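Peer 1: One line per chain: the protein sequences are A and B, in this order.
For the first sequence, this note's numbering begins at 1 and goes up steadily by one.
For the second sequence, this note's numbering begins at 1 and goes up steadily by one.
Please keep in mind that the hints were generated in silico from the structure rather than gathered at the bench.
Computed from a predicted model, the values in this text were never measured in an experiment.
Misleading hints may appear alongside valid ones.
[To be verified] Restraint-style ranges between C-beta atoms, simulated for each label pair:
{"#": "1", "chain 1": "B", "residue 1": "H9", "chain 2": "A", "residue 2": "A118", "range": "51 to 61 Å"}
{"#": "2", "chain 1": "B", "residue 1": "W108", "chain 2": "A", "residue 2": "E90", "range": "14 to 24 Å"}
{"#": "3", "chain 1": "B", "residue 1": "A13", "chain 2": "A", "residue 2": "G63", "range": "49 to 59 Å"}
{"#": "4", "chain 1": "B", "residue 1": "I99", "chain 2": "A", "residue 2": "T119", "range": "16 to 26 Å"}
{"#": "5", "chain 1": "B", "residue 1": "W219", "chain 2": "A", "residue 2": "L14", "range": "24 to 34 Å"}
{"#": "6", "chain 1": "B", "residue 1": "P103", "chain 2": "A", "residue 2": "A118", "range": "39 to 49 Å"}
{"#": "7", "chain 1": "A", "residue 1": "E90", "chain 2": "B", "residue 2": "N133", "range": "46 to 56 Å"}
[What the hints assert, rightly or not] Heads up, simulated BS3-like pairs for lysine-lysine below, C-alpha to C-alpha not over 30 Å straight-line:
{"#": "8", "chain 1": "A", "residue 1": "K73", "chain 2": "A", "residue 2": "K53"}
{"#": "9", "chain 1": "A", "residue 1": "K140", "chain 2": "A", "residue 2": "K43"}
{"#": "10", "chain 1": "B", "residue 1": "K3", "chain 2": "B", "residue 2": "K72"}
{"#": "11", "chain 1": "A", "residue 1": "K43", "chain 2": "A", "residue 2": "K73"}
{"#": "12", "chain 1": "B", "residue 1": "K7", "chain 2": "B", "residue 2": "K72"}
{"#": "13", "chain 1": "B", "residue 1": "K102", "chain 2": "A", "residue 2": "K147"}
{"#": "14", "chain 1": "B", "residue 1": "K72", "chain 2": "B", "residue 2": "K209"}
{"#": "15", "chain 1": "A", "residue 1": "K53", "chain 2": "A", "residue 2": "K43"}
{"#": "16", "chain 1": "A", "residue 1": "K53", "chain 2": "A", "residue 2": "K147"}
{"#": "17", "chain 1": "B", "residue 1": "K102", "chain 2": "A", "residue 2": "K73"}
{"#": "18", "chain 1": "B", "residue 1": "K180", "chain 2": "B", "residue 2": "K51"}
{"#": "19", "chain 1": "B", "residue 1": "K3", "chain 2": "B", "residue 2": "K51"}
{"#": "20", "chain 1": "A", "residue 1": "K147", "chain 2": "B", "residue 2": "K180"}
{"#": "21", "chain 1": "B", "residue 1": "K51", "chain 2": "A", "residue 2": "K147"}
{"#": "22", "chain 1": "B", "residue 1": "K102", "chain 2": "A", "residue 2": "K53"}
{"#": "23", "chain 1": "A", "residue 1": "K43", "chain 2": "A", "residue 2": "K147"}
{"#": "24", "chain 1": "B", "residue 1": "K51", "chain 2": "A", "residue 2": "K140"}
{"#": "25", "chain 1": "B", "residue 1": "K3", "chain 2": "A", "residue 2": "K140"}
{"#": "26", "chain 1": "B", "residue 1": "K209", "chain 2": "B", "residue 2": "K51"}
{"#": "27", "chain 1": "A", "residue 1": "K140", "chain 2": "B", "residue 2": "K180"}
Glycine included, each C-beta is placed from N, C-alpha and C at the ideal position.
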Amino acid sequence: MNSQNRRWLLIGSLLVVGGALLTLVFTSFTGALVYFYTPSEIKAKGNELQGRKVRIGGMVQEGSLLREPGSQKMRFMVVDNSERLPVQYEGMTPDLFREGQGVIVEGVWRSGETFQAATILAKHSEDYVPVKMSEEGIAKARESMLKSLR
Amino acid sequence: MIKWFAKVHWLLATAAVLSLLVGMWLVLAAPQDYQQGNAVRILYVHVPAAKMALLSYVVLTIASALYLWRRKEMWDILAEAAVSVGAAFTALTLASGSIWGKPMWGAWWAWDARLTSMLVLLILFMGLMALRNALDDPHKSARATAVLALIGAADLPIIHFSVVWWRTLHQPPSFDGPAKQTITGELLPPLFVMSLAFFLLGMWLLVLKSREIAARRQWEAVETERLERNHA
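Starting from the given sequences, assemble the full structure and let the hints guide the process.
Peer 2: What follows is the structure, encoded as C-alpha cells:
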C-alpha cells in the first residue's frame with residue numbers, strides 16, 4: 001500500500017471509530033436508548049406524540065386477541081402493570097407472538113384513534129424452560145416480563 | 001511467552017475440539033424450550049460467542065495497557081491477536097443473534113441498546129485492524145492501536161449493562177448473582193459445556209494467532225535486514 005492510501009485509510013478508520021463512540025456516548029445520555037414506551041407512559045404523554053412514530057411495549061392481554069377469519073387482520077390489548085391500549089394490526093406475526101406474552105408494537109400515534117401497528121415484534125423474557133416443566137415456566141416468564149415493564 | 005505458547009498449543013487444541021464435540025452432542029440432545037421450541041439451540045452458540053467476544057476485548061485492553069507501560073513487543077503481539085479473535089466472535093454473535101431474532105422477535109435486527117453497542121464493538125475491532133495497517137512505522141502503529149483500544153474499552157460496561165439500564169428488545173441476563181437464574185433443568189448443562197468449549201477455542205485461537213504474528217514479524221525483520229545488506 002502506498003503512503004497516500006495509508007493516510008486515507010487512517011483518516012477513514014479514525015472517523016468511523018470516533019463516530020461510533022460519539023454516537024454511543026450521546027445516545028446514552030439523552031435517553032434515546034430506551035427502545036419502547038409502556039402504555040402508562042404513552043397515556044401520560046398524551047398529545048405530545050401526535051403524528052410521531054412510536055414503539056409501545058407490554059403484554060398481550062389474555063383473552064383479548066381477536067383474529068378476523070379469512071384475513072390477516074387482528075386486534076388485541078397491550079397491557080402493563082396499570083394501563084391498557086387497544087391495537088390493530090394486519091400481517092404476519094412472529095412465532096413468539098401469543099396471548100400473555102411480551103410484545104412491542106410499532107406505528108404512528110394518532111390521538112383518539114385505535115393504534116394501528118405497522119410492525120409487531122415479540123419480546124422474549126430471560127426465562128428458558130424445558131417443555132415438560134412448562135407450567136412453572138410460564139408463571140415465571142410472566143413475572144419477569146411484568147418486572148421489566150416497571 | 002510465545003515459546004510457552006508453542007508448548008500448550010496442541011493441548012489446548014485437543015481440549016477445545018473434545019469439549020466442542022461433547023457440547024454439540026448435549027445441544028442436540030437437549031429438550032425443546034416451552035416457548036421457542038428448537039430455536040433455543042441457537043443460544044448455545046450465541047451466548048458463549050458473546051462472552052468470548054467481550055473476553056477478547058478484556059484481553060486486548062490488558063495487553064494494550066501493559067504494552068504502553070512496558071513497551072514489550074510480546075504485549076503488542078497479544079493485542080493484535082486479540083483483535084482478530086474478538087472480531088470473529090463478535091461477528092458470530094451478531095449473525096447467530098440475527099438468525100434467532102428473525103423467527104422469535106420477527107426481526108433480523110433492531111436498533112436497541114444491546115444490539116447497537118455490540119455492533120459498535122465490531123466496528124471497534126475492525127477500526128483497530130485498519131488503524132494498525134494505516135501506519136508505516138510499526139512502533140507508532142502499535143502505540144496508536146493500544147491507545148484506541150483503551151478508549152474503546154468504554155463500550156464493555158455499556159454492552160454488559162445495556163439490558164439493565166435501558167428498556168431493550170433484547171432480554172436481560174439469565175444469570176445475575178446467586179439469587180437469579182432463569183434457565184431451568186436440562187437446558188442448563190449444554191450451556192455450561194458450550195461456554196467451556198468456546199473458552200478453550202478462544203484461548204487456542206489466541207495462541208495460534210499470536211504465534212502466527214510473531215513468526216510473520218520475525219520473517220519481516222530478517223527480510224528487511226537481507227534487503228539492506230544487498231543494497232550496501
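Peer 1: Now, for every hint given, state plainly whether the structure supports it.
Peer 2: Now for the hints, and whether the structure bears them out:
no.	hint	result
1	B:H9 with A:A118: 51 to 61 Å	54 Å, holds
2	B:W108 with A:E90: 14 to 24 Å	21 Å, holds
3	B:A13 with A:G63: 49 to 59 Å	56 Å, holds
4	B:I99 with A:T119: 16 to 26 Å	19 Å, holds
5	B:W219 with A:L14: 24 to 34 Å	29 Å, holds
6	B:P103 with A:A118: 39 to 49 Å	20 Å, violated
7	A:E90 with B:N133: 46 to 56 Å	50 Å, holds
8	A:K73 with A:K53	21 Å, holds
9	A:K140 with A:K43	28 Å, holds
10	B:K3 with B:K72	15 Å, holds
11	A:K43 with A:K73	25 Å, holds
12	B:K7 with B:K72	21 Å, holds
13	B:K102 with A:K147	25 Å, holds
14	B:K72 with B:K209	18 Å, holds
15	A:K53 with A:K43	15 Å, holds
16	A:K53 with A:K147	25 Å, holds
17	B:K102 with A:K73	21 Å, holds
18	B:K180 with B:K51	18 Å, holds
19	B:K3 with B:K51	28 Å, holds
20	A:K147 with B:K180	13 Å, holds
21	B:K51 with A:K147	25 Å, holds
22	B:K102 with A:K53	22 Å, holds
23	A:K43 with A:K147	19 Å, holds
24	B:K51 with A:K140	25 Å, holds
25	B:K3 with A:K140	51 Å, violated
26	B:K209 with B:K51	19 Å, holds
27	A:K140 with B:K180	12 Å, holds
In terms of the numbered hints stated before, the structure departs from hints 6 and 25, listed from lowest to highest.
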